[in-house]
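Chain order of the listed sequences is V and G. Numbering follows our numbering, with no gaps: position 70 of the first sequence is 437. Numbering follows our numbering, with no gaps: position 55 of the second sequence is 194.
Each hint should be verified, as a subset may be incorrect.
Here are some, though not all, of the chain G residues that point toward chain V, as calculated from beta-carbon distances under 10 Å [stated by the list, open to error]: (1) Gln177; (2) Thr184; (3) Leu228.
Per label pair, the in silico range of CB-to-CB distance [claimed, not checked]: (4) Ser434(V) <-> Ser192(G): 30 to 36 Å; (5) Asp393(V) <-> Thr245(G): 32 to 38 Å; (6) Asp423(V) <-> Gly222(G): 35 to 41 Å; (7) Thr478(V) <-> Gln193(G): 36 to 42 Å; (8) Thr165(G) <-> Gly420(V): 28 to 34 Å; (9) Asn202(G) <-> Gln384(V): 44 to 50 Å.
For the record, the hints were derived by calculation from the structure and aren't laboratory data. Just so you know, these numbers come straight off a predicted model, no measurement behind them. Ideal placement from N, C-alpha and C gives every residue a C-beta, glycine not left out.
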Amino acid sequence: NAGVTQTPKFQVLKTGQSMTLQCAQDMNHEYMSWYRQDPGMGLRLIHYSVGAGITDQGEVPNGYNVSRSTTEDFPLRLLSAAPSQTSVYFCASSRMLGSGGYTFGSGTRLTVV
Amino acid sequence: KQEVTQIPAALSVPEGENLVLNCSFTDSAIYNLQWFRQDPGKGLTSLLLIQSSQREQTSGRLNASLDKSSGRSTLYIAASQPGDSATYLCAVGNNDMRFGAGTRLTVKP
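The shape of chain V in the complex, shown without the other chains (with noise of 0.2 Å):
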């Protein structure tokens, strides 16, 4: 079982720079999710998805974008890279919203210089 896959699991930008963090499931969850980890602050949550087709916002999704066009796949686009999105990026699935347990992808280190 592959679970939540992550890629890259380390990336340096340079500021301005955009790039695409790629997330996939292979459990069939309806429901996957986008989190920033930050020293202090915990997990924040940026854009979320319910389903295929459909995604909304969370806490901090500013200089964010996603898509949703398969289950299986919950790209996460930065669209011009800035110091403030240097962060651990983890991408969570569920099977249901609200009524299963989250999985976790291994996450993504990112350093924006």
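On the provided structure of chain V, position chain G as indicated by the hints.
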């Protein structure tokens, strides 16, 4: 807006001690509460999930309780071991999932 608080922020105990980690939340209308473990530089590992109709869950030396009316959950770890050293996070699920900042636990041999 749901606020999740974990106390203490850090805890150091000798091996073998029983301990309790606390989690409080402001909005009691939750679907579920989940406890996670995170080792340094790693992802989150799910420990226990308590659904809104449940009061507690147990797994091995771990027991988590949920009191929605008071907005509290506790994670009880029995007979702590050095391998339990990690950060423990609680998360509360409504239409999204909100996390506390975590409790960093150190168990000394």
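How the hints compare with the structure:
no.	hint	result
1	Gln177	9 Å, holds
2	Thr184	8 Å, holds
3	Leu228	7 Å, holds
4	Ser434(V) <-> Ser192(G): 30 to 36 Å	34 Å, holds
5	Asp393(V) <-> Thr245(G): 32 to 38 Å	36 Å, holds
6	Asp423(V) <-> Gly222(G): 35 to 41 Å	38 Å, holds
7	Thr478(V) <-> Gln193(G): 36 to 42 Å	41 Å, holds
8	Thr165(G) <-> Gly420(V): 28 to 34 Å	32 Å, holds
9	Asn202(G) <-> Gln384(V): 44 to 50 Å	47 Å, holds
Violated hints for the displayed structure: none, as all numbered hints are satisfied.
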